[in-house]
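Could you put together the complete structure from these sequences and hints?
Going line by line, the protein sequences match chains A and B. Take 0 as the starting number for the first sequence in numbering that gives the first Met the number 0 and just add one per residue. Take 0 as the starting number for the second sequence in numbering that gives the first Met the number 0 and just add one per residue.
Because the hints were derived from the structure by calculation, they are not lab data. Glycine included, each C-beta is placed from N, C-alpha and C at the ideal position. Wrong hints could be hidden among the right ones.
Said to hold, decoys possible - Have a look at the derived ranges for each label pair, beta carbon to beta carbon:
no. : chain 1 : residue 1 : chain 2 : residue 2 : range
1   : A       : Pro-73    : B       : Ile-72    : 40 to 46 angstroms
2   : B       : Gln-19    : A       : Glu-244   : 55 to 61 angstroms
3   : B       : Pro-181   : A       : Lys-6     : 47 to 53 angstroms
What follows is the residue order along each chain.
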Amino acid sequence: MIASMTKRTIFDSILFAYFFCVAMLAIFAPSQAEMLNLGRNTLVFAIGLVLGAMISYGLNKASLKTLGELIFEPAYKKASAEEVSWTKQAWSYQLILFLVITFTVGSIMTKFSLTELLDEDGFAGAARLFKGLASPNMDLLPRAVLNIIETIFMAFMATALAIPIAFVLCFFCAKNIMKGPVGFAVYLILRTFLNVTRSIEALIWAIIFSVWVGIGPFAGMLALMIHSIASLAKQYSEIVETVNEGPIEGIMSTGATRLQTIWFAIVPQVVLPFISFTVYRWDINIRMATIIGLVGGGGIGTLLIQYQGQAMWPEVGTIILVIAFVVWFMDTASAYLREALK
Amino acid sequence: MAENILQIKNLKKVYPNGTQALKGVSFDVKKGEFLVIIGLSGSGKSTLLRCLNRLHDPTSGEILFKGHDIAKIEGSAVRGVRKNIAMIFQHFNLIPRHTVLSNVLMGRLGFMGTVGSLFGLFKADDKQKALKYLKLVGIGEKAKMRADNLSGGQQQRVAIARALTQDPEVLLADEPVASLDPATCHVVMDYLRKVNQELGITIIANLHFLSLVREYATRVIAMKGGEIVFEGDPKEINDAWFEKIYGAGAKEVHIN
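Written as structure tokens, this is what we have:
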């Protein structure tokens, strides 16, 4: 009840603060220097938040349902609510306002321009590029194949090394295993740590590691591994959290230790979904390894960025062809594998 | 007069959400008896059994197992108690993907070193014991089958065999036949009686059907709202008691 009201208020406040800031921008049209004044901008946003919270409270009090209320309303209130036309509620206007404002601001921000898209010179350039891509230079094929093999192994090593670490970690960040105050603290710290690690893109990790161990496939592999550990540990732990409690009770009742219980009651239940997620992760890693090569992570990506830099489009075309084939193949193969493992 | 194997004194259990599942329950269990606990769903029967082998932690009160209070012990002492007080469940709680034999061997986990058990290094003696008890419950020939390929009644017999390989003194049975059909029901109950009479293992079972209670129990306890409302001979339960336990208007269902 309190939680749902807090969520509603935060949601409505942020939404209103956003409206408020856009309105301020439109009215005062600040200069570039003023736009960079973070302190004052934060203050404007904070005022928006406070006003928003008050308006949200007022509107809901007058039973004009806001968007926050619509989303976070607890089930029991939803069941007893009367049918009210959407034109008579606040949320519909909030939603329309949000879409209109966001599209307007978005078009300005991304400098959306039809004239540039249809510009003749630019169009001719793109056509040249496509022509190059469409007539790939097959002399580069052996080199591209060698490099994509490097990429596949990079992805494989990253996944393989991540599996045991993620496997051990996942039990420490599963809520149904980490009970009690100490367990919950470990769970929270580990979850936060993994979330932060995961939210740093593999691309950034690749830049960090290319400074650390030097540019090349090793840096790319390490970057993918870190990202895979965080992602796999999270996915694994979510599977662990959905296991059937029955076998756990059954094994515990024999006087088994906690480790024995995990090994005999939980692991048999999760092993197939684990394999399925791991195969999928390898598949994702191959695609990511290509991108990581662009920042010096080795493999086919590095080759791609070299030829792209020299605008050698037929060679780029060959590389893209090889990448597309491998990604398509891995995608299909992993889909079949995961289907069979269900 | 047989000695008391378990003495429960003023046992209380309050769940974290505030539900009072047990409001001060006291009774004795004699060695070798077949004690049945009856009562509506939510009357505290399952909670009571789970407190006895410490799958749940009681809030207060005493559980004397052969004279020692086990209500507040922790860690390896709890595991020692669980080895001695085995349990079977309504939904059998087997490991579906493992073989029947492997499931029965789980009963030996408490007697093994952790590392050895994780590699599945069960002793030859343990395997002999597991097979012996599988034969005792009449499914010796199913040892190599996957547990989830067995029928409900057979799975419950695997669970009984698993409990027996622990060499327990007490066997708790939480609604052992509630998810079985009436015919299978009697097969499983007959094996429980066999365990009780031939191996001398004390049995405490939660049951729903009074006809089963009259047939198998040597003594009965009825619970309502977390308290004991009747304790005595199963034959003493008459219509008046029945109404008191299950509420007015309830009708007894017979299964044969």
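For each hint, the structure was consulted:
1. A:Pro-73 to B:Ile-72: 40 to 46 angstroms: Holds, at about 42 angstroms.
2. B:Gln-19 to A:Glu-244: 55 to 61 angstroms: violated, 23 angstroms
3. B:Pro-181 to A:Lys-6: 47 to 53 angstroms: For Lys-6 (chain A) against Pro-181 (chain B), whose Cβ atoms are near 50 angstroms apart, the range 47 to 53 angstroms holds.
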